[in-house]
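Participant: Just so you know, we're using this note's numbering here: the sequence shown kicks off at 1 and counts up by one.
No wet-lab data here; the hints were simulated from the structure.
The C-beta atom is built at its ideal place from N, Cα and C for all residues, glycine as well.
Mixed in with the good hints, there may be bad ones.
[Stated by the list, open to error] Each pair of labels, with its calculated beta carbon distance range:
#1 E72 x E246: 36 to 46 angstroms
#2 A143 x E235: 31 to 41 angstroms
#3 G88 x R147: 40 to 50 angstroms
#4 D200 x P90: 15 to 25 angstroms
#5 H86 x Q186: 36 to 46 angstroms
#6 P185 x Q74: 16 to 26 angstroms
#7 R46 x K146: 27 to 37 angstroms
#8 P90 x A29: 22 to 32 angstroms
#9 P185 x D73: 21 to 31 angstroms
[Claimed, not checked] List time: in silico SDA-like cross-link candidates among lysine to any residue, alpha-carbon distance up to 25 angstroms:
#10 K171 x A214
#11 K171 x S201
#12 K146 x A214
#13 K27 x A214
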Amino acid sequence: MRLVDTHTHLDFPDFDSDRESLLNAAKAAGVERVIVLGVEQANWQRVWDTVCAHPGLHAALGLHPVYLQAHEDQHLEQLRDWLQRHRGDPRLCAVGEFGLDFYLPELDRQRQQYWFEAQLHLALEFELPALLHVRRSHAEVIATLKRHRLPRGGIVHAFAGSFEEAREYIKLGFKLGLGGAATWPQALRLRRTLPRLPLDSIVLETDAPDMAPAMFPAQRNSPLHLPDIATALAEVMGIGRERLAEASSANARALFGWAD
Numbered sequence: 001m002r003l004v005d006t007h008t009h010l011d012f013p014d015f016d017s018d019r020e021s022l023l024n025a026a027k028a029a030g031v032e033r034v035i036v037l038g039v040e041q042a043n044w045q046r047v048w049d050t051v052c053a054h055p056g057l058h059a060a061l062g063l064h065p066v067y068l069q070a071h072e073d074q075h076l077e078q079l080r081d082w083l084q085r086h087r088g089d090p091r092l093c094a095v096g097e098f099g100l101d102f103y104l105p106e107l108d109r110q111r112q113q114y115w116f117e118a119q120l121h122l123a124l125e126f127e128l129p130a131l132l133h134v135r136r137s138h139a140e141v142i143a144t145l146k147r148h149r150l151p152r153g154g155i156v157h158a159f160a161g162s163f164e165e166a167r168e169y170i171k172l173g174f175k176l177g178l179g180g181a182a183t184w185p186q187a188l189r190l191r192r193t194l195p196r197l198p199l200d201s202i203v204l205e206t207d208a209p210d211m212a213p214a215m216f217p218a219q220r221n222s223p224l225h226l227p228d229i230a231t232a233l234a235e236v237m238g239i240g241r242e243r244l245a246e247a248s249s250a251n252a253r254a255l256f257g258w259a260d
């Protein structure tokens, strides 16, 4: 089984004690590539250092809406500088993580929209996919994407929307990131939606160290859990694990322009 973990935060201190051994174990389990995403200007260097230290890792750099208070206007220009400096480097694969989070009431929606659109412009400028955080904001994100169409699309991380919302993202060239959330029995709507999704729209992820799957409750999530997540999701979808692994990995390779 060959897998791609399209969403992690392996630069976080949660992994400082065993990052290398964990990645070796994940690779032995079939996880061939892993994406590490930046969330604020302060962690981009840490993300890049992590990626450069381990083969099979790729970086995405962005300004996450949950870290809104940490973002400063000059960070957008600094993000552009990072993207320009590493343009063409195969280790840089996307802009992200960014988007809209309407779950947390303290996050100003107008300011979020500003940062969201500014980073969509950077994804367009540098011809990179966008890795999006979307929480209780599907309508606004879809409407914005329709105004700023990205030729290379991207991924809607931790997709938990309706089938109708999934269809809109697919039309816009986006893949749907599926991970631990869909393994929980109480995720009723999502589990009803999964069997209806076309296989060419799906990529797999862990969001490590967060969003642990049902089989590892309250534990640190990691790429090592991706095979078990794939097994659980395949069962919900009514297909074989190998088929889901093959399709989702092919989708990720196509999106990021990686050779097989």
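Participant: A separate judgement is required for each hint: does it hold in the structure or not?
Facilitator: Comparing the hints with the structure gives:
1. E72 x E246: 36 to 46 angstroms: holds (43 angstroms)
2. A143 x E235: 31 to 41 angstroms: For E235 against A143, whose Cβ atoms are near 34 angstroms apart, the range 31 to 41 angstroms holds.
3. G88 x R147: 40 to 50 angstroms: violated (28 angstroms)
4. D200 x P90: 15 to 25 angstroms: holds (23 angstroms)
5. H86 x Q186: 36 to 46 angstroms: Taking Cβ atoms as reference, H86 and Q186 lie about 41 angstroms apart, which means the hint holds.
6. P185 x Q74: 16 to 26 angstroms: violated (46 angstroms)
7. R46 x K146: 27 to 37 angstroms: Since R46 and K146 have Cβ atoms about 34 angstroms apart, the given range 27 to 37 angstroms holds.
8. P90 x A29: 22 to 32 angstroms: holds (23 angstroms)
9. P185 x D73: 21 to 31 angstroms: violated (45 angstroms)
10. K171 x A214: Distance of about 31 angstroms is beyond 25 angstroms: violated.
11. K171 x S201: holds (10 angstroms)
12. K146 x A214: Violated. K146 to A214 sits at ~35 angstroms, over the 25 angstroms cutoff.
13. K27 x A214: Distance of about 22 angstroms is within 25 angstroms: holds.
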